[in-house]
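All chains should be built: construct the whole structure from the sequences, respecting the hints.
Residue numbers (the numbering used here), protein chains in the order written: chain W, 1 to 282; chain E, 283 to 534.
Please note that a few of the clues may not be correct.
[Unchecked claim] Distance windows between CB atoms, simulated:
{"no.": "1", "chain 1": "E", "residue 1": "Asp-302", "chain 2": "W", "residue 2": "Ser-87", "range": "32 to 38 Å"}
{"no.": "2", "chain 1": "W", "residue 1": "Glu-235", "chain 2": "E", "residue 2": "Leu-386", "range": "44 to 50 Å"}
{"no.": "3", "chain 1": "E", "residue 1": "Arg-341", "chain 2": "W", "residue 2": "Glu-221", "range": "43 to 49 Å"}
{"no.": "4", "chain 1": "E", "residue 1": "His-441", "chain 2": "W", "residue 2": "Gly-222", "range": "51 to 57 Å"}
Read the hints as simulated data drawn from the structure, not as lab findings.
Backbone N, C-alpha and C define an ideal beta-carbon position, used for all residues, glycine too.
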Amino acid sequence: MSDMDNPTSINLTNIFGVGLRSPHYGHLESRPPIFSGWFEIISENYFRTKGRPRQILNTLRKDFPISCHGVSLSIASYEDFDWKYLSDLKKFFDEIEPFLVSDHLCFTGVKGNNLHNLLPFAYNRENLEHLSSRIDQVQNYFGRKFGFENLSAYFDYKNSTMSEWDFIQELTKITDCNLLLDLNNIFVNSYNHKFNSDDYLNAIPFERVQQLHLAGFSEREGFYFDTHSNPLYPELIELYKKVLSRRKDIPVLYEWDEDIPSFEILEDQIRVVSKIRSEFRS
Amino acid sequence: MKQKEFNLKFAETIRSNQIDEELVALIKDSPKIKAHRALEVYQEDYQARMTEALRNTYRAINALIGDEDFFYLAKDYIENYPSPFSDLDEYGNCFSEFLTAHQLNEDYVFLSELAHFEWNFREVFHQAHEIGLEATLLAQLLQEDSCKIQLVHSVRVLHYSFLIDKLYALKDETDHNDEDFDFNQNQYLLIYKDGVMVKIHSLSKAQWKIVNTLEAPHSLLSVLQNADSITPSEVQELFQILGANRLLIKKN
Numbered sequence: 001m002s003d004m005d006n007p008t009s010i011n012l013t014n015i016f017g018v019g020l021r022s023p024h025y026g027h028l029e030s031r032p033p034i035f036s037g038w039f040e041i042i043s044e045n046y047f048r049t050k051g052r053p054r055q056i057l058n059t060l061r062k063d064f065p066i067s068c069h070g071v072s073l074s075i076a077s078y079e080d081f082d083w084k085y086l087s088d089l090k091k092f093f094d095e096i097e098p099f100l101v102s103d104h105l106c107f108t109g110v111k112g113n114n115l116h117n118l119l120p121f122a123y124n125r126e127n128l129e130h131l132s133s134r135i136d137q138v139q140n141y142f143g144r145k146f147g148f149e150n151l152s153a154y155f156d157y158k159n160s161t162m163s164e165w166d167f168i169q170e171l172t173k174i175t176d177c178n179l180l181l182d183l184n185n186i187f188v189n190s191y192n193h194k195f196n197s198d199d200y201l202n203a204i205p206f207e208r209v210q211q212l213h214l215a216g217f218s219e220r221e222g223f224y225f226d227t228h229s230n231p232l233y234p235e236l237i238e239l240y241k242k243v244l245s246r247r248k249d250i251p252v253l254y255e256w257d258e259d260i261p262s263f264e265i266l267e268d269q270i271r272v273v274s275k276i277r278s279e280f281r282s
Numbered sequence: 283m284k285q286k287e288f289n290l291k292f293a294e295t296i297r298s299n300q301i302d303e304e305l306v307a308l309i310k311d312s313p314k315i316k317a318h319r320a321l322e323v324y325q326e327d328y329q330a331r332m333t334e335a336l337r338n339t340y341r342a343i344n345a346l347i348g349d350e351d352f353f354y355l356a357k358d359y360i361e362n363y364p365s366p367f368s369d370l371d372e373y374g375n376c377f378s379e380f381l382t383a384h385q386l387n388e389d390y391v392f393l394s395e396l397a398h399f400e401w402n403f404r405e406v407f408h409q410a411h412e413i414g415l416e417a418t419l420l421a422q423l424l425q426e427d428s429c430k431i432q433l434v435h436s437v438r439v440l441h442y443s444f445l446i447d448k449l450y451a452l453k454d455e456t457d458h459n460d461e462d463f464d465f466n467q468n469q470y471l472l473i474y475k476d477g478v479m480v481k482i483h484s485l486s487k488a489q490w491k492i493v494n495t496l497e498a499p500h501s502l503l504s505v506l507q508n509a510d511s512i513t514p515s516e517v518q519e520l521f522q523i524l525g526a527n528r529l530l531i532k533k534n
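In structure tokens, the structure reads:
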């Protein structure tokens with residue numbers, strides 16, 4: 001894998017990006033000034049449509065770098081890949097030329113039954129070997145590195161033999177893959193499963209982090225739920241500062257997927273985080 | 283239990299109303315969520331996600347029957363139709379067929395047909411806008427007996443036994459009174475793309491028959507020979523729509 005380009009090396013006018021979401025189509029079609037430097041798309045929402053979503057993407061990609069973030073790779077599945085899906089995705093990447101591609105460290109269902117959820121697996125040697133082999137297959141097929149995102153999970157397995165962060169660290173060493181570090185997921189998991197997020201960050205090979213996700217969570221019956229439906233809480237900002245003390249140049253996506261505010265409000269939120277970054281001194 | 287077997291059982295549990303105690307025994311209680319509850323969270327999240335996908339596509343049905351009945355329908359559909367799709371947005375392709383046999387279709391007789399319309403609307407929305415012959419060129423070609431014409435791909439020709447376009451329009455109204463509205467009429471529709479947007483045009487039965495024929499290549503002469511009881515003004519109006527919106531292509 002060492003001959004693959006490191007996609008984190010692209011020059012961005014602004015390292016803060018924004019998710020391309022349908023409620024903002026009308027606004028974006030009016031070609032407003034945009035603060036964010038790049039857009040992230042959910043690959044599956046765009047790779048087969050030829051309609052309005054694709055036209056907006058085609059227009060935006062002329063002026064902005066695009067990051068393709070997938071939700072159906074199911075890298076932790078024990079079934080064969082959906083090769084038609086991979087082939088369509090590859091063709092799509094060839095057309096869109098994303099500066100980053102990513103998916104999640106999870107499985108999403110079983111054959112013929114995609115649950116459209118990001119489901120956890122046990123952190124143990126068996127799964128480490130299994131995922132390593134699958135990531136190798138994917139990266140070889142696409143001829144490029146993928147970034148894999150850490151999950152928010154609402155349980156852990158009794159047969160997990162290592163921590164999530166140790167698993168991720170090992171996985172990146174074996175496969176040379178990149179990471180999409182979701183700080184909200186780290187925070188939610190650290191609260192729900194009671195671990196110290198510093199231990200997590202200390203184990204992360206930051207040179208492999210191609211992108212960060214920041215988002216707001218929700219509280220539900222005393223536990224935190226990863227909803228991407230709120231502005232960032234102060235705890236998330238603190239976590240981001242800890243990342244900044246390690247590396248300041250990682251592209252950041254401010255995720256907002258439920259109760260999506262207007263594009264202007266979203267960009268105001270992004271400006272706030274951008275200011276925090278520019279004022280940060282380690 | 284191996285991860286492969288766990289995955290299968292976990293997927294089954296998420297789609298069911300039951301919690302598999304065998305799985306509960308294999309996962310840890312966390313300080314904030316007990317194992318049993320954690321599995322319920324995944325079940326609830328699945329229901330919510332799939333219901334939302336159906337709501338996104340079937341907005342008119344949701345608006346007309348209300349949230350309570352829509353959730354009831356969605357629950358039944360989700361229970362019977364797993365998603366084979368990589369894109370959640372594609373979920374719901376069998377909703378119309380499912381509704382024909384559903385008891386709620388007796389209370390709301392238009393449900394299945396409205397679902398059929400909403401799915402077709404969605405399909406046209408996601409198609410590329412194929413631009414057909416410009417109106418004056420079309421007019422010239424129609425003079426040639428041998429010239430065959432056909433509809434572009436980004437068009438649907440539909441027939442319903444209810445006033446579907448009026449029912450569909452009610453999705454955007456906050457206050458509608460069904461009693462004032464007689465929807466029990468046949469309707470013939472043409473759905474097509476206009477740039478990135480989708481437009482709906484109501485046709486007469488005779489116009490619909492002609493457009494339906496044009497889903498395959500035909501000469502104007504053969505189309506008109508097979509059309510019964512269509513007036514010259516209906517023909518003129520129809521080809522005005524097809525020409526102005528560039529919905530026909532030449533086929534040899």
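Right, here's what the structure says about each hint:
{"no.": "1", "hint": "E/Asp-302 / W/Ser-87: 32 to 38 Å", "verdict": "35 Å, holds"}
{"no.": "2", "hint": "W/Glu-235 / E/Leu-386: 44 to 50 Å", "verdict": "45 Å, holds"}
{"no.": "3", "hint": "E/Arg-341 / W/Glu-221: 43 to 49 Å", "verdict": "30 Å, violated"}
{"no.": "4", "hint": "E/His-441 / W/Gly-222: 51 to 57 Å", "verdict": "54 Å, holds"}
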